[in-house]
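Asker: Residue numbers (my numbering), protein chains in the order written: chain X, 73 to 219; chain P, 73 to 219; chain B, 73 to 219; chain V, 73 to 219.
In case anyone wonders, no lab produced these hints; they're calculated from the structure. Watch out, some of these pointers could steer you wrong.
Which copy? The list can't say, so a pair holds if one copy fits it or any two copies do.
[Claimed, not checked] Here are the simulated DSS-like cross-link-like pairs (lysine-lysine), alpha carbons at most 25 Å apart as the crow flies: (1) Lys167 with Lys76; (2) Lys76 with Lys170; (3) Lys200 with Lys76; (4) Lys92 with Lys170; (5) Lys92 with Lys200; (6) Lys200 with Lys167; (7) Lys200 with Lys170.
Protein chains: 4
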Amino acid sequence: MTDKETDLNERVRADFTRQKVMELIGARMSLIEPGVCEIEITAREDLTQQNGFMHAGIVTTVLDSACGYAAFSLMPAGSGVLSVEFKVNLLAPAKGEKIRVHAEVKRAGRTLTVCSADAWAVENGESKICATMLATMIRVDQDGMKR
Amino acid sequence: MTDKETDLNERVRADFTRQKVMELIGARMSLIEPGVCEIEITAREDLTQQNGFMHAGIVTTVLDSACGYAAFSLMPAGSGVLSVEFKVNLLAPAKGEKIRVHAEVKRAGRTLTVCSADAWAVENGESKICATMLATMIRVDQDGMKR
Amino acid sequence: MTDKETDLNERVRADFTRQKVMELIGARMSLIEPGVCEIEITAREDLTQQNGFMHAGIVTTVLDSACGYAAFSLMPAGSGVLSVEFKVNLLAPAKGEKIRVHAEVKRAGRTLTVCSADAWAVENGESKICATMLATMIRVDQDGMKR
Amino acid sequence: MTDKETDLNERVRADFTRQKVMELIGARMSLIEPGVCEIEITAREDLTQQNGFMHAGIVTTVLDSACGYAAFSLMPAGSGVLSVEFKVNLLAPAKGEKIRVHAEVKRAGRTLTVCSADAWAVENGESKICATMLATMIRVDQDGMKR
């Protein structure tokens, strides 16, 4: 990795560690590149909805964080990021061994960044898309205040 | 309560108990009436994002379940419900002692039901709206299969 | 009307007139108050989709403008407004003699304003909700440039 | 073209012609394939918002129809299609000579189909993405009634 890549990697992973909920639900960042972020989460009984699938809100939690870090990766050092809004379409039950999320920046603006992300349910080695997000992120101060 | 109200109450609360993630995040249903559902969640450090606010995905988890049960409350016995899609606008940081969600049915169709829900951050006894959801729910079989 | 109300009224209506598409589709502003805007549109054959209902995109055009002016009405003089994003749920066919839209500000921020709006189909004197929007508007310069 | 392609082409174009609003705004279908639809629209002064850009609602009208026909193209003969909901993010001003929309099916279900679409503003021969849609379509009877 170049110095720049190492910087990005460290900056993003430090921030990810501060998201305590990622630890609670067992999510881990598997890839971070400029404009792209991937996060994985293992299926667990305590993350389920009434039918035993992963709750749409937990899938959304992962999609949202992945979009946030994809946006964050393109922002200048010293920035913070907050979600303005997101929409999620649930395409299939989130069932299987794990959920894998891939997020990327669709358009990066000075203040607002639009990202899209897909969630894949991995079952017996096969991946099936189970949800998709279209989100707006806003660049803020590091303490999370909008400017 | 009338018999009908007792039935609704029992049917919804039994289903809520099957959502294991509600226990993980400490969410509890505070109100269920035909077409209306309220859920509360206490702020906890292990539910936070990088600035110490409740993660937007956890707020969404509560908003989504509240919309689901508001829709479910108007469906015939033997129905199940799944989220088709939802959009969330984050209006203010989800900070304070607890988040309180109020969801109601906007239009109930035979198959699809549209719900709206607001989340309020309660801090020092004051409530401030922090998020709002507009969602589509689908009536399914009890095992969560779309018909 | 007070001077302030007259100012708002004139400022908004002047801007509305600049939206040439409003004239094309026959939309007229029926109410403007701080944080609230109503627009009506008469059903016409040249606004229809394949079943003879008003096209969802035309209903959206009216919903979007109503949200924009509701947001604009709370902004300081010299501001412009652009749509960041909106989501529309179509609840029933947009049929009847006219569509009436009511929009209001849900939360006004310094830069971003979130609005909600409902569209009602008026048929034989009866109103039925046919669509609902949840939208984010951004304050910009008068020439439509984001700051 | 094979017989099947000719059938699809004729079925979709006949339906498109019934969308009278497409004629009003000057939209034309430039491509239809299984699961994919493209529509173009030339910029005109009577389609503008207050800054002279194409109104977001008109861009949405084209995005919505393109998503609808992308979904429709995969449905059995005798089906109709209606929009359940859509979300649009406006990424840049819709300015230039024309707007070009590309829509494709993200997941086709028995009843519900999820589509995504991008709109490109073409100015001086250069294309720039100006909007993106994530939409849910529902299969209905040919007269537009939900089943």
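Asker: Run every hint past the structure and note whether it holds.
Answerer: Hint by hint, here is what the structure shows:
For the homomeric pair Lys167 and Lys76, neither the shortest alpha-carbon distance inside one copy (37 Å) nor that between copies (34 Å) is at most 25 Å. Taking the shortest Cα distances, Lys76 and Lys170 never come within 25 Å of each other, neither inside one copy (31 Å) nor across copies (40 Å). Taking the closest pair of Cα atoms, Lys200 and Lys76 never come within 25 Å of each other, the shortest separation being 34 Å inside a single copy and 29 Å across copies. In this assembly of identical chains, the alpha carbons of Lys92 and Lys170 lie at most 25 Å apart whether taken from the same copy (20 Å) or from different copies (17 Å).
For the homomeric pair Lys92 and Lys200, the shortest alpha-carbon distance between copies (23 Å) is at most 25 Å, but the shortest distance inside one copy (28 Å) is not. Taking identical chains as interchangeable, the C-alpha atoms of Lys200 and Lys167 lie at most 25 Å apart only when both belong to the same chain, with a minimum of 10 Å there against 36 Å between chains. In this assembly of identical chains, Lys200 and Lys170 lie within 25 Å of each other by CA distance solely inside one copy; the values are 11 Å within and 36 Å between copies.
Hints 1, 2, 3 from the list above are not met by this structure, while the remaining hints are.
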